[in-house]
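Q: Order-wise, the sequence lines are chains A, B, C and D.
Start counting the first sequence at 1; every next residue gets the next number (the numbering used here).
Start counting the second sequence at 1; every next residue gets the next number (the numbering used here).
Start counting the third sequence at 1; every next residue gets the next number (the numbering used here).
Start counting the fourth sequence at 1; every next residue gets the next number (the numbering used here).
To be clear, the hints were calculated from the coordinates, so they are not data collected in a lab.
All C-beta atoms, glycine included, are put in the ideal place defined by N, C-alpha and C.
Among the hints, erroneous ones may be present.
Restraint-style ranges between C-beta atoms, simulated for each label pair [stated by the list, open to error]:
id	chain 1	residue 1	chain 2	residue 2	range
1	B	Met281	A	Glu87	41 to 47 Å
2	D	Asn248	A	Asn239	44 to 50 Å
3	D	Pro26	A	Ser58	29 to 35 Å
4	C	Thr335	B	Thr50	56 to 62 Å
5	A	Lys343	B	Gln136	21 to 27 Å
6	A	Glu103	D	Asp47	35 to 41 Å
7	B	Gly144	A	Lys43	46 to 52 Å
8	A	Lys343	B	Ala334	22 to 28 Å
9	D	Leu36	A	Glu291	48 to 54 Å
Computed list of lysine to any residue pairs in SDA-like fashion (alpha-carbon distance at most 20 Å, straight line) [to be verified]:
id	chain 1	residue 1	chain 2	residue 2
10	B	Lys229	C	Pro211
11	B	Lys229	C	Pro287
12	A	Lys3	A	Arg63
13	A	Lys3	A	Ser100
Number of protein chains: 4
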Amino acid sequence: MDKLRVAVIGAGYWGPNLVRNLRNSPDWDLVAVCDLDPARAAKVIGDRSTVAIETDVSRLLEREDLDAVAIATPPRTHAAIAIAALEAGKHVLVEKPLASNLEDARRMVEVAAAQNRALMLDHTFCYTPAVRHIRQMISDGVIGDVLFVDSVRINLGLVQPDVNVFWDLAPHDLSILDFILPSGLDVGPVTATGADPLDTGQICVGHATLPLPGGGIANISVNWLSPTKIRSFVVGGRNRTLVWDDLNPMQRVALYDRGVEVTKRPDDLAERKQVNVSYRMGDIHVPALREAEALGLMVAEFAAAIREERAPLTDGHSGMRVLSVLHAIDESLATGQPVAPHKEVTV
Amino acid sequence: MDKLRVAVIGAGYWGPNLVRNLRNSPDWDLVAVCDLDPARAAKVIGDRSTVAIETDVSRLLEREDLDAVAIATPPRTHAAIAIAALEAGKHVLVEKPLASNLEDARRMVEVAAAQNRALMLDHTFCYTPAVRHIRQMISDGVIGDVLFVDSVRINLGLVQPDVNVFWDLAPHDLSILDFILPSGLDVGPVTATGADPLDTGQICVGHATLPLPGGGIANISVNWLSPTKIRSFVVGGRNRTLVWDDLNPMQRVALYDRGVEVTKRPDDLAERKQVNVSYRMGDIHVPALREAEALGLMVAEFAAAIREERAPLTDGHSGMRVLSVLHAIDESLATGQPVAPHKEVTV
Amino acid sequence: MDKLRVAVIGAGYWGPNLVRNLRNSPDWDLVAVCDLDPARAAKVIGDRSTVAIETDVSRLLEREDLDAVAIATPPRTHAAIAIAALEAGKHVLVEKPLASNLEDARRMVEVAAAQNRALMLDHTFCYTPAVRHIRQMISDGVIGDVLFVDSVRINLGLVQPDVNVFWDLAPHDLSILDFILPSGLDVGPVTATGADPLDTGQICVGHATLPLPGGGIANISVNWLSPTKIRSFVVGGRNRTLVWDDLNPMQRVALYDRGVEVTKRPDDLAERKQVNVSYRMGDIHVPALREAEALGLMVAEFAAAIREERAPLTDGHSGMRVLSVLHAIDESLATGQPVAPHKEVTV
Amino acid sequence: MDKLRVAVIGAGYWGPNLVRNLRNSPDWDLVAVCDLDPARAAKVIGDRSTVAIETDVSRLLEREDLDAVAIATPPRTHAAIAIAALEAGKHVLVEKPLASNLEDARRMVEVAAAQNRALMLDHTFCYTPAVRHIRQMISDGVIGDVLFVDSVRINLGLVQPDVNVFWDLAPHDLSILDFILPSGLDVGPVTATGADPLDTGQICVGHATLPLPGGGIANISVNWLSPTKIRSFVVGGRNRTLVWDDLNPMQRVALYDRGVEVTKRPDDLAERKQVNVSYRMGDIHVPALREAEALGLMVAEFAAAIREERAPLTDGHSGMRVLSVLHAIDESLATGQPVAPHKEVTV
């Protein structure tokens with residue numbers, strides 16, 4: 001099977017990771033790297049290489065030896081580059097978030113559909129073996145109805161002038177929720193709080209609560225100011241609870257066969273008796289997951305979606321659902337009120 | 001120095017812990033245990049003992065060989081028992097929460113003042129060496145201005161018919177905040193969210209955000225449905241960040257000399273440049289704290305306050321501040337709005 | 001069922017733990033505490049108690065209201081006290097090690113047999129739910145043939161003038177091995193090394209290797225000088241490996257369904273090819289064990305053995321097997337040679 | 001400064017890691033990769049590259065555009081390749097162990113000296129920030145005299161037909177000891193035990209004790225059969241104890257200001273009193289170490305040693321000291337006796 005030919009646009013923070021994974025992939029032939037600064041592109045490519053360096057996106061898109069582009073430029077530039085690439089007939093992989101506003105995002109999705117080209121979001125975490133496993137455990141009913149989700153993603157972070165901490169970190173949590181929940185990221189009115197205690201001009205610490213269908217809630221905590229790094233994600237279910245600790249390679253995922261069982265209903269409460277709950281103290285099960293770099297699996301999915309002429313697992317629609325919740329978070333931060341996310345308009 | 005004479009009222013869930021610590025204390029002579037069920041009292045006392053068993057609080061309070069009582073009965077009974085004991089001239093230690101409503105609490109504080117007797121709250125965690133250390137690190141300026149507090153207190157819990165998960169668990173977090181923050185529990189409008197996904201009739205999972213003076217925020221997560229037990233408490237400061245993990249006896253408290261430093265201000269943002277932040281990646285310092293049961297230190301403080309004729313460290317006023325925030329949480333849960341806690345009326 | 005009547009002899013380091021557990025037990029009535037120092041005995045008993053204080057063992061043993069004694073005096077005194085007690089018709093529980101030499105130990109076992117009284121060793125760890133589970137997993141074949149055991153038991157310890165670190169700590173490891181291995185503590189020649197780098201007069205750091213039947217080995221590391229506390233015990237088997245970390249209450253025992261599988265034998269090696277091993281990377285299973293204080297389960301077994309007129313699970317013979325290996329360790333330390341433990345002479 | 005030109009010989013297990021680090025290094029220009037199997041070399045190099053592929057070492061060594069070679073072939077081939085390269089005027093980096101016997105090793109060292117070329121061992125761990133820090137803490141006297149070292153290096157490992165587990169894993173521990181101890185790897189008679197419980201033809205589980213100058217001991221535990229991965233290294237000193245846990249990136253190194261202090265000497269023991277020891281329960285200090293890949297720092301040292309015309313930090317002599325102890329371990333395994341390592345003959 002011939003390799004697909006790809007160029008990476010943007011050799012800054014994330015681009016080198018894409019370059020490395022595309023180069024190591026059996027699916028991809030990295031043809032060119034494009035950056036305004038040719039020295040930065042050259043550095044990413046390294047010595048003794050014949051990968052091309054481009055400094056102009058238009059010129060890059062004129063190349064005939066390209067099937068696809070991977071865009072790792074700042075979010076506000078995504079829409080223009082992606083649409084140009086799609087109109088040039090290239091498949092497009094774009095870094096999260098899809099765009100800096102919903103209107104741009106919707107146009108990108110529309111052009112991809114019109115051009116019949118793949119538009120894929122690099123929601124990297126959805127390609128980790130851990131998240132694939134969580135999705136499976138939910139869809140198989142092992143976890144049961146989701147009662148609560150607690151996601152904590154904190155570390156010292158790069159305070160950025162044009163986005164707050166939610167826009168930087170929460171796309172990971174939101175895209176994971178979209179991926180694992182049976183109904184996707186279909187949440188009720190979002191309550192978000194945050195603070196900028198160092199007076200940087202951006203919210204640096206934030207918490208958001210998302211009501212889930214069925215009565216549960218998801219909570220997302222993001223923080224740029226924490227000297228400790230935590231990436232924990234807990235899915236509490238009616239049958240079992242799953243804990244994913246991404247910084248514990250010996251035991252990333254653990255499934256607890258424990259929980260609370262309610263055997264009487266609140267109408268018994270009239271009698272002022274204890275609600276009849278019992279605890280199930282069952283075993284813990286730690287599945288053997290393969291250790292694989294998520295980005296490698298992500299670029300494989302990009303190739304597979306193109307070859308099979310189907311939508312990628314994390315397509316433009318998932319990117320739009322994530323954007324909708326980010327906008328609701330911003331509005332809740334501004335007003336102090338719960339805010340319902342815009343439902344995605346089908347395109 | 002003669003021992004002070006004490007009785008424990010309530011031999012249910014928490015009473016046996018008070019009995020054990022009062023018996024082991026050089027300050028206290030446990031004279032009696034009082035419970036409606038004499039067999040339960042006898043079981044707590046054990047064989048070959050001359051500690052008295054009482055089944056009636058009025059009769060107990062008539063005893064002349066009693067300096068103080070410790071009340072471990074359900075919250076709604078606290079006010080009546082405590083006021084009777086204070087009026088009988090006994091000093092009073094009461095389990096948290098102080099009372100089931102602010103009006104009762106205020107009367108308890110007033111009677112204690114009128115009778116010139118100690119009214120102490122068993123805010124147990126404030127007596128742990130860890131919390132004492134945190135308070136010191138804040139008052140010494142080692143941590144610096146508090147930017148954020150994250151408190152997580154989750155475990156399988158006993159769903160109760162008359163209180164939600166905030167009333168059960170958050171008094172711990174709130175009393176700690178009251179104890180360590182320079183201005184005590186003086187917080188802005190509280191935003192609380194919660195869920196009862198098992199339909200028990202009570203909120204079982206909850207999150208509350210409390211704005212702190214100076215622009216920071218404290219977040220409290222409580223959960224009765226989690227099969228994993230977490231008790232972590234993080235205080236992020238301008239100078240250093242302190243992490244308290246109460247389930248890690250080898251390293252309960254760690255002080256991180258790391259953080260974000262802002263060297264430019266948001267007015268630079270007009271130029272669309274990165275905010276100029278830098279990271280300080282300093283060392284971690286783990287202080288040697290003595291291992292001591294907090295309840296033992298708490299009963300020692302009760303004796304010391306009586307002997308020195310001063311207010312205990314965790315007195316009725318601290319109990320009222322905690323109650324005010326609990327009420328604000330309940331109102332925020334009911335309305336979806338941020339709710340400012342009632343400021344305590346000086347009595 | 002009437003309680004059995006017991007006295008504790010020795011109110012020093014370990015005695016108070018026995019007192020507490022016997023008092024809390026439904027099986028036992030603590031009648032007296034005996035110590036040369038009556039103030040020390042009184043302190044252990046506490047106020048408002050009618051438990052008797054004795055200062056003379058002979059007088060204690062004349063009491064008619066005693067079924068058994070628990071001996072927590074220094075090891076060199078065990079034999080005389082235990083034999084006197086057995087001859088007075090009392091059942092005997094003795095702290096580890098059974099005695100300070102094998103000859104004394106053998107006499108104790110003989111007298112217990114002649115008097116038809118229980119002689120039980122307080123091999124506390126054998127009564128933990130963890131060790132009971134390990135024994136079960138081995139006898140059920142879940143672990144398979146034992147390939148290796150690694151036991152590490154280190155912490156700051158009290159350097160003692162009359163015993164080295166092996167005699168202080170290794171009885172725990174050896175009694176556990178005796179309890180869990182299908183053939184008991186039936187080991188080959190022991191190789192022990194040690195050091196006294198602070199020149200205290202006693203070996204403070206030690207390592208011992210014990211060949212197991214079937215070709216495996218057990219290694220025991222003990223250390224009085226380590227500021228970190230480790231109590232880990234790993235049983236590597238042909239089918240699965242079990243890790244017991246006694247300081248991790250959330251996950252004391254984990255069973256790894258992983259290992260090495262050999263599919264070719266060394267005669268293939270003539271061809272200088274890789275031995276054909278494959279890895280099995282299966283799941284990890286963490287069983288739900290009840291949390292119970294081992295000492296409480298130990299005193300329950302003492303009562304049960306007396307009532308059922310049978311040998312206790314950790315009887316005098318197990319104590320003698322442990323002593324035999326301790327002597328072999330001492331001889332290996334002195335000579336630098338592997339030393340076979342004396343096989344226990346049947347009595 | 002011009003880059004130095006290098007070729008990697010051996011594209012099997014470790015070669016790709018050398019290729020990656022040499023390519024990413026500002027010091028090195030990777031000219032060629034040499035392997036008997038050109039497809040394997042091509043795979044390591046990747047697409048769109050002009051790095052040369054060689055299949056014959058002699059032909060490779062004839063190239064004039066080469067300053068150095070890095071040898072990652074099986075140990076028994078090291079001597080012949082290294083000597084040919086040195087005689088061709090190339091500097092040589094060789095994987096551990098230096099050679100498969102001391103005689104070969106000595107010849108390699110002699111030829112390097114005669115040719116005035118660098119001969120460096122890839123003792124990778126010596127280039128980790130953690131080991132550099134440990135060396136500093138010992139040489140600065142922060143740790144004090146070394147009382148004990150415990151090194152545990154266990155995991156599922158590739159059972160190999162021509163080396164036992166000590167030859168596979170212990171070179172890491174031994175090279176670290178050689179690097180950090182003030183007198184290098186100058187140890188007394190070595191006691192080693194081991195087992196091959198799966199009958200693979202090679203010792204798969206082993207323990208070795210090495211007496212240190214001054215009365216302390218080092219213990220090394222290696223194991224190919226363990227499903228858990230442990231890499232812990234503890235240096236217990238008279239003043240402080242350092243714990244290095246390489247699998248804990250948040251806290252790789254911790255320095256414990258705790259220990260045992262002896263204030264009386266054993267001659268007091270005649271009186272049968274407790275040795276007068278006290279514990280110091282000081283703080284724990286976790287230094288901020290930079291996170292850097294050790295292999296990258298190692299190839300930088302190789303370049304620096306060549307440019308500065310000095311011996312590399314881990315030179316052929318260190319490789320010979322490690323080999324001497326490995327041979328002593330093998331002899332102790334065979335005889336059951338403690339065996340003194342051959343002291344290195346100066347060349």
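Q: Does each hint hold? Answer for all of them.
A: Now for the hints, and whether the structure bears them out:
no., hint, result
1, B:Met281 / A:Glu87: 41 to 47 Å, "holds (46 Å)"
2, D:Asn248 / A:Asn239: 44 to 50 Å, "violated (33 Å)"
3, D:Pro26 / A:Ser58: 29 to 35 Å, "holds (33 Å)"
4, C:Thr335 / B:Thr50: 56 to 62 Å, "holds (59 Å)"
5, A:Lys343 / B:Gln136: 21 to 27 Å, "violated (52 Å)"
6, A:Glu103 / D:Asp47: 35 to 41 Å, "holds (40 Å)"
7, B:Gly144 / A:Lys43: 46 to 52 Å, "violated (39 Å)"
8, A:Lys343 / B:Ala334: 22 to 28 Å, "holds (27 Å)"
9, D:Leu36 / A:Glu291: 48 to 54 Å, "violated (30 Å)"
10, B:Lys229 / C:Pro211, "violated (40 Å)"
11, B:Lys229 / C:Pro287, "holds (16 Å)"
12, A:Lys3 / A:Arg63, "holds (17 Å)"
13, A:Lys3 / A:Ser100, "violated (32 Å)"
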